[in-house]
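Trainee: Now for the letters of each chain:
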Amino acid sequence: MPGLRTVASKIGQLLFVLWAVATILFLMFRLMPGSPMAAFIDPTFTEEQQQALMRQFGLDRPLWEQYVIFLQNLLQFELGESFFYKESVARLVLQVFPNTLILTITSLILAYAVGILLGAFIAWKRGTWLEAVSIPIVLTTRAAPEFWVGMILLAFFSFELGWFPSGGAISAGAEFEGLIGRIFTRDFLVHLFLPTLTLAVYLHGLPLLLMRSTMIEVLDEDFVTMARMQGFGEWTVVIRHAARNALLPVATAFALGIGYAVAGNVVVETVFSWPGLGRLLVKAVQSRDYPLAQGAFLLIAFVMISMNMLADLLYRLLDPRVVHAG
Amino acid sequence: MPVDVSLDARPSDRVSVLRRVGQLVPLRDPFAAVGLLIYFVWILVAIFADQIATYDPTEILYGADYNLVADKGPSREYLLGTTTLGRDVFSQLVYGSRSALLVGMVAAVMVVGIGTLVGLVSGYFGGAVDSILMRLADIAFGIPFLPFVIVLAAFLEPSVWNVVLAMALVLWRDTARVIRSQVLTLRNRAFVEAARVAGSSHWRILFIHIAPNIMPLAVLYGSIAVGWAILAEASVSFLGFGDPTAVSWGFMLQDAYASQALSRSAYHWFVPPGIAIVLVVVAGFFVGRGYEELLFPKLRE
Numbered sequence: 001m002p003g004l005r006t007v008a009s010k011i012g013q014l015l016f017v018l019w020a021v022a023t024i025l026f027l028m029f030r031l032m033p034g035s036p037m038a039a040f041i042d043p044t045f046t047e048e049q050q051q052a053l054m055r056q057f058g059l060d061r062p063l064w065e066q067y068v069i070f071l072q073n074l075l076q077f078e079l080g081e082s083f084f085y086k087e088s089v090a091r092l093v094l095q096v097f098p099n100t101l102i103l104t105i106t107s108l109i110l111a112y113a114v115g116i117l118l119g120a121f122i123a124w125k126r127g128t129w130l131e132a133v134s135i136p137i138v139l140t141t142r143a144a145p146e147f148w149v150g151m152i153l154l155a156f157f158s159f160e161l162g163w164f165p166s167g168g169a170i171s172a173g174a175e176f177e178g179l180i181g182r183i184f185t186r187d188f189l190v191h192l193f194l195p196t197l198t199l200a201v202y203l204h205g206l207p208l209l210l211m212r213s214t215m216i217e218v219l220d221e222d223f224v225t226m227a228r229m230q231g232f233g234e235w236t237v238v239i240r241h242a243a244r245n246a247l248l249p250v251a252t253a254f255a256l257g258i259g260y261a262v263a264g265n266v267v268v269e270t271v272f273s274w275p276g277l278g279r280l281l282v283k284a285v286q287s288r289d290y291p292l293a294q295g296a297f298l299l300i301a302f303v304m305i306s307m308n309m310l311a312d313l314l315y316r317l318l319d320p321r322v323v324h325a326g
Numbered sequence: 001m002p003v004d005v006s007l008d009a010r011p012s013d014r015v016s017v018l019r020r021v022g023q024l025v026p027l028r029d030p031f032a033a034v035g036l037l038i039y040f041v042w043i044l045v046a047i048f049a050d051q052i053a054t055y056d057p058t059e060i061l062y063g064a065d066y067n068l069v070a071d072k073g074p075s076r077e078y079l080l081g082t083t084t085l086g087r088d089v090f091s092q093l094v095y096g097s098r099s100a101l102l103v104g105m106v107a108a109v110m111v112v113g114i115g116t117l118v119g120l121v122s123g124y125f126g127g128a129v130d131s132i133l134m135r136l137a138d139i140a141f142g143i144p145f146l147p148f149v150i151v152l153a154a155f156l157e158p159s160v161w162n163v164v165l166a167m168a169l170v171l172w173r174d175t176a177r178v179i180r181s182q183v184l185t186l187r188n189r190a191f192v193e194a195a196r197v198a199g200s201s202h203w204r205i206l207f208i209h210i211a212p213n214i215m216p217l218a219v220l221y222g223s224i225a226v227g228w229a230i231l232a233e234a235s236v237s238f239l240g241f242g243d244p245t246a247v248s249w250g251f252m253l254q255d256a257y258a259s260q261a262l263s264r265s266a267y268h269w270f271v272p273p274g275i276a277i278v279l280v281v282v283a284g285f286f287v288g289r290g291y292e293e294l295l296f297p298k299l300r301e
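If you're matching them up, the sequences are chains A and B in order. Under my numbering, the first sequence has 251 at position 251, and the numbering climbs by one with no breaks. Under my numbering, the second sequence has 90 at position 90, and the numbering climbs by one with no breaks.
No wet-lab data here; the hints were simulated from the structure. Among the clues, some could well be false.
To be verified - Some, not all, of what chain A presents toward chain B, calculated at C-beta under 8 Å:
(1) LEU15
(2) VAL17
(3) VAL21
(4) PHE26
(5) LEU27
(6) ARG142
(7) ALA143
(8) PRO145
(9) TRP148
(10) ALA263
(11) GLY264
(12) LEU281
(13) ARG288
What the hints assert, rightly or not - Okay, derived cross-link-like pairs now, SDA-like style, lysine to any residue, Cα gap no bigger than 25 Å in a straight line:
(14) A:LYS283 <-> A:ILE152
(15) A:LYS10 <-> B:ALA128
(16) A:LYS283 <-> B:SER159
(17) A:LYS283 <-> B:PRO244
(18) A:LYS283 <-> A:GLU87
(19) A:LYS125 <-> A:LYS10
(20) A:LYS86 <-> B:LEU152
No residue lacks a Cβ here, since even glycine has one placed at the ideal position from N, Cα and C.
Please model the entire structure based on the sequences and the hints provided.
Mentor: Put into structure tokens, the structure is as follows:
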């Protein structure tokens, strides 16, 4: 078990990194070419709205005061007003966040289920033609741009065969009750299928290769030899004895994967017009909606940083050999 | 797992230095050989793009009947067909290799250069220098890369160099951490001790005695970084934040996507640029794998 001190120091590190990333973003948005007023106040706002925003963000004050106000606002999750939607940025990003989370988690589960099984199988079949063929194929799936895989799937399954819708998360006019009610409708699942598959094609390579290499190590260890000598069948040895122990690094990779996938989903969400955080960020930057871009970026960064920390703790928890220090 | 690339020789030996340089080209590994071959072919394509391409990639083509040659399928005249704006897909593909290789190589050199330097200094000197550099690495690990490139693109002029800049600012972190941990194990070895006793300066020890030992590891990360850079550049161009005047594979895919090539089943247009990207990126992985087997021989057995 990671001690209380380890957890406390990890949380300290998390807060430090969060603060640093937020500060970098603050400086980017205030010091980049173009006046900060222009970056935060849309000329189409009314005079009163402009005055209210100026006060709220302290845009008429010196930079350090603006910075203090920025941090205070951030702590209250007050991210300003979107130019384009004329709505609270916090509300907008939280509105699309579940979509990104659902897409990420489903594709990760699919990718890890397939990756772990295939990885264990390939490790077991080590040195055969199967291994020789599968490794280059897996490397190729990791080299293929996700949006290109998405485009091919879209062209074939959606436009050619008409099996799946070509984008979005729900059909126009579809009605549903609440978030949970929406997720389990056939309509939503049909929309979810192709983006999930696209992401899983890319994501399954890591758990597969990781599983394979740890399995190869574990299969050489004494307790596996013991199990073999006790006369257990080969498959029982592989699954019950070896695979269970090889899963540790894969579990850590899964937590890390959530963070990186939320950050990397940007292109796939755009290809499939999936109404998630990444697509919101792209649209915000395209329409120079600075407050929205900043809010979406901060939420993505927050998820990634928290997942990094969780993965780190998980790794310590699962592998007692890691020294409990810093 | 300790990575020891100087198993069989004293690192100060001249012979071993030569051998180490030899290790930089792990031709005996079939993967690495294939990877290097793919690189070689693409470099030739990029150099001789003028000769190979059948048209100017940005030229709008008109047929004998003075009509725009738009959305044509592959033919002898237009090897991979034409785009909606009447441009030759094959020629764009050939010219795209130039920006891809340029971005890939420059970004990889920068990422690995910065990462290696940080790792060497951090691991060797330790103490406050190490703490500061590793906190910086923590921060870099907290920046989501693709969103960062996109936000950067919002402020800077559209250019392929935005991706290189973003990579240099963020992605040195992985190389730095790995090199640092490697330097930590090398720092107290006998040959470093010997150099120290002999009166070598810190920088001499660092660059003459330690650096050559971590070279294969740096090249491993470099070969993977080439792939990342090309994928990142393609993604950014696809999202429309690239240089609209440069012909790149990502731009071709964006053009195809925006021109509804998908609904018209114009596979000849949007499949080839993706294959080109896959080939370059996978070549880096193959070369990297060659090093991995060299560095972690247990995997091969």
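Trainee: Run every hint past the structure and note whether it holds.
Mentor: Results of checking the hints against the structure:
1. Restraint check, LEU15 of chain A versus chain B: the minimum CB separation of about 11 Å is more than 8 Å; hint violated.
2. For VAL17 of chain A, the interface hint holds, the least distance from its beta-carbon to any beta-carbon of chain B being 4 Å, beneath 8 Å.
3. A hinted interface residue such as VAL21 of chain A counts as satisfied when its beta carbon comes closer than 8 Å to some beta carbon of chain B; here the least separation is about 5 Å, so the hint holds.
4. At its closest, the beta carbon of PHE26 of chain A sits 12 Å from a beta carbon of chain B; the interface hint therefore is violated under the 8 Å criterion.
5. Interface hint at LEU27 of chain A: violated, since its Cβ lies 11 Å from the closest Cβ of chain B, which is beyond the 8 Å cut-off.
6. Checking ARG142 of chain A against chain B: minimum C-beta separation of about 7 Å stays under 8 Å; hint holds.
7. The interface hint given for ALA143 of chain A holds, since its Cβ lies 4 Å from the closest Cβ of chain B, which is under the 8 Å cut-off.
8. At a threshold of 8 Å, the smallest CB-CB gap from PRO145 of chain A to chain B is about 5 Å, leaving the interface hint in force.
9. Because the beta carbon of TRP148 of chain A sits about 4 Å from the nearest beta carbon in chain B, less than 8 Å, this interface hint is met.
10. Checking ALA263 of chain A against chain B by beta carbon gives a least distance of about 3 Å; that is within 8 Å, so the hint holds.
11. At its closest, the beta carbon of GLY264 of chain A sits 6 Å from a beta carbon of chain B; the interface hint therefore holds under the 8 Å criterion.
12. Residue-level restraint check for LEU281 of chain A holds (minimum Cβ-Cβ distance to chain B is 6 Å; threshold 8 Å).
13. Checking ARG288 of chain A against chain B by beta carbon gives a least distance of about 7 Å; that is within 8 Å, so the hint holds.
14. Taking the CA atoms of LYS283 of chain A and ILE152 of chain A, the gap is about 23 Å. The hint holds against a cut of 25 Å.
15. Note on LYS10 of chain A and ALA128 of chain B: the hinted pairing holds, with a Cα-Cα distance of about 19 Å set against a maximum of 25 Å.
16. For a cut-off of 25 Å, the pair hint linking LYS283 of chain A to SER159 of chain B stands: about 19 Å separates their Cα positions.
17. Pair hint LYS283 of chain A plus PRO244 of chain B holds up; C-alpha atoms about 18 Å apart against a cutoff of 25 Å.
18. Taking the CA atoms of LYS283 of chain A and GLU87 of chain A, the gap is near 15 Å; set against the 25 Å cutoff, the hint holds.
19. A distance of roughly 40 Å separates the Cα atoms of LYS125 of chain A and LYS10 of chain A; the hinted pair therefore is violated under the 25 Å criterion.
20. Under the criterion of a C-alpha separation no larger than 25 Å, the hint pairing LYS86 of chain A with LEU152 of chain B is consistent with the structure, at around 24 Å.
Hint compliance for this structure: hints 1, 4, 5, 19 are broken, all remaining hints hold.
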